[in-house]
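Trainee: Okay, here's what each chain looks like letter by letter:
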Amino acid sequence: MEQTVVDPTLSWIVWGLVMAGTFVMTLVGTWLIARRWEK
Amino acid sequence: MNGTFMTIPEPSTGMMVGSVIGAACLLLLAVTLGVFAKKRWKSFDEYLVGKRDMGPVVTGLALAGSFISGWAFCGSVAVVYKVGFAGMWFAGIWCLVGIIPAIWLAATKTREFSSKLGATTITETIGRRFESKVLQTVIALSMLFFLFIYSVGQLKAAGTVWYAVTGLPPFWCLLISVVIAWLFLALGGYTGTQWFIAVKGAFLGFVGLMIGIWALVYAGGFGAISKSLMAQNPNYMALINRSLPPTGVTELFSTWVGVLATPVIFFTMAVGFPHNVSRFLGMKKLSKKEFIVLCFTVWLVVGPPLMLDCSSNGLVARLIFGNNLLANKQWGADLAAPMLAWALGGAGLISLYVTGVVGAALGTLSAMVFIMSANVTRDTIKLWRPQTSDRTLISLGYFLIALFLFLPFYWTLENPPALLAVFMGFAAMGLGAIFFFVTVISYYWRGATKLGAMLTVIFGTGATLWGGWAVLARKPALLGMGTMEWILVAGCAVAYFGGSLLSKAPSEELLNKLFPEKKAAAEQYQSSLET
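Residue numbers (the numbering used here), protein chains in the order written: chain A, 525 to 563; chain B, 799 to 1329.
Don't read these hints as lab results, they were simulated from the structure.
These numbers were taken from a predicted model, which means no experiment stands behind them.
Hints should not be assumed to be uniformly reliable.
Taking CB as the label site, the calculated pair distances span [claimed, not checked]:
#1 L1124(B) - R559(A): 46 to 56 Å
#2 G540(A) - K1302(B): 26 to 36 Å
#3 G812(B) - D531(A): 16 to 26 Å
Among chain A residues calculated to face chain B with C-beta under 8 Å, some are [said to hold, decoys possible]:
#4 L541
#5 A544
#6 F547
#7 V548
#8 T550
#9 T554
Anything over 12 Å on all C-beta distances counts as not near chain A; from chain B, calculated [what the hints assert, rightly or not]:
#10 V818
#11 S913
#12 F946
#13 K1025
#14 K1087
#15 Q1185
#16 T1186
#17 A1288
#18 G1296
Glycine is no exception: its CB is placed at the ideal position from the N, C-alpha and C atoms.
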């Protein structure tokens, strides 16, 4: 296997951003759609 | 085997008894729900879609249960175990990016369109949306093809886990499961299936969250996982593992083109999967509060539990077992999820996991088989021979359900696919790309036509077959799986929009019925011009 330079901290930061980002995005999106429900 | 790490345990009496009890309870529950649901339908239409009165919690749990398949609970952990951190992109970290937009885009529209058109299946809804019997038949055949391929992997997950825990050949476990599935599908129809998938969804959410958090705590946190994997091979902690070939399946883990394709795959497949969107057919008309409850139910079940299971669990399995699971030549990396459950909580937790994965496989398989059967009875026979009696169609449906359950059962035992996640991933890509446009975009775009939809189905089916050869069968692979996803989605978009722009839309009368708000806006605009 070819070895590459890896920073595990960066990997976990990206992982955390993806997790938190998708949690928040889906909640905010739902709220925005619900706000316009009557229309 | 490497002695530094745990090895595959021999099945113990506790593991076997616990798993058998768990699976027996699950199957008993399935039959019970089927018996109760039998009282809720009296006609073929009600058998196919219920009374359209399901609430947001049941619908949400059923959607989550339909989405959390054997792949999600078994194959995805295997991918991360095998590839490392880079495997997460394909293994399911984008689950919410797919399933929540599926509600936003398809929930109320599926209910509204199917109800207005008097349709009981997604295929029938699309056929009537475009006023085309031929299109409905072509879609039914295409859906049948893709769902059949996809259904095979469901049983492999259950078989793998059963073997891992009991040490027994999966024949009896799979046979009993498909017989039970036939019973509750035949008895309960749509309502019974919806109820069973909903219960299974709630159970999987609970088990998934427990194992996900437990695994991170057991491993000693992110630092401990990093340390162990860096010692095994630094590539296991790389965001993009460039040591893997840039073509074939591994493109999804080794190049930006592949990694960026993964959220698109999850989005189109969650929104486009017929067995997901079908969960909305029997839903009641939602209020604002009920819409929020629906979204939050799915968010709770699919979000934290599944995203943890699909990402960090594979890494923790590697921390515990190293390469030792790969020593099993028959099941290999697919043992990662059940063995992780065993390492964390012994016989008790692995019994819960087995119950969960048997439920996951059975629930998603049932949802697919029910659609496959209706593809033939409602979407083909009833369409072209409307005088066929309900009784005949229901009896034929019973036979087809048995057939479509038996074929994956046989295929799984005789010729198990090499890597569960990959095999199912390709059928999922085709289904998602085609039906994202043909179903969901057609709910919103008045200008869509049957030619556009037909070209999308033909292109998508052909491109998926060609992709199977170019990416999986040809040695060396001609291109990567991520590139193939971009080709599929872009090609389907060109076929759908291009074909629609070049041909005539359905009748004004139908369009005004389906898009009343656009008609009202046009009238308002016209009147403002006149004044």
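Trainee: Run every hint past the structure and note whether it holds.
Mentor: To see whether the hints hold, each was checked on the structure:
For the pair L1124(B) and R559(A), the supplied restraint of 46 to 56 Å holds, since their beta-carbon distance comes to about 51 Å. The hinted range of 26 to 36 Å is not satisfied by G540(A) and K1302(B), whose Cβ atoms lie roughly 51 Å apart. In this structure the supplied range 16 to 26 Å is violated for G812(B) paired with D531(A), their Cβ-Cβ distance being about 42 Å. Contact between L541(A) and chain B, as hinted, is not supported at the beta carbon level, the nearest pair being about 11 Å apart and thus beyond 8 Å.
For A544(A), the interface hint is violated, since its Cβ never comes within 8 Å of a Cβ in chain B; the closest pair sits about 11 Å apart. For F547(A), the interface hint holds, since its Cβ comes within 8 Å of a Cβ in chain B; the closest pair sits about 6 Å apart. Interface restraint check: V548(A) against chain B, minimum CB-CB distance 10 Å, threshold 8 Å, status violated. At about 4 Å, the closest approach between the beta carbon of T550(A) and any beta carbon in chain B falls short of 8 Å, and the interface hint on this residue holds.
The restraint placing T554(A) at the interface with chain B holds, with a minimum CB-CB distance near 4 Å, inside the 8 Å limit. Taking the minimum C-beta to C-beta distance to chain A, about 36 Å, the non-interface status of V818(B) holds against the 12 Å cut. At roughly 18 Å, the least C-beta separation between S913(B) and chain A is larger than 12 Å, which holds for a residue marked as non-interface. Every beta carbon of chain A lies more than 12 Å from that of F946(B), the smallest distance being close to 31 Å; the non-interface claim holds.
Not every CB of chain A lies more than 12 Å from the CB of K1025(B), the least distance being 8 Å, so the non-interface label is violated. Under the 12 Å C-beta cut-off, the non-interface status given to K1087(B) relative to chain A is violated; the minimum distance is some 8 Å. Taking the minimum C-beta to C-beta distance to chain A, about 43 Å, the non-interface status of Q1185(B) holds against the 12 Å cut. No beta-carbon of chain A comes within 12 Å of the beta-carbon of T1186(B); the shortest separation is about 41 Å.
With a minimum CB-CB distance of about 24 Å to chain A, A1288(B) clears the 12 Å threshold, and the non-interface call stands. For G1296(B), the shortest C-beta to C-beta distance to chain A comes to about 30 Å, beyond the 12 Å cut-off, and the non-interface label holds.
When held up to the earlier numbered hints, the structure conflicts with 2, 3, 4, 5, 7, 13, 14 and fits the remainder.
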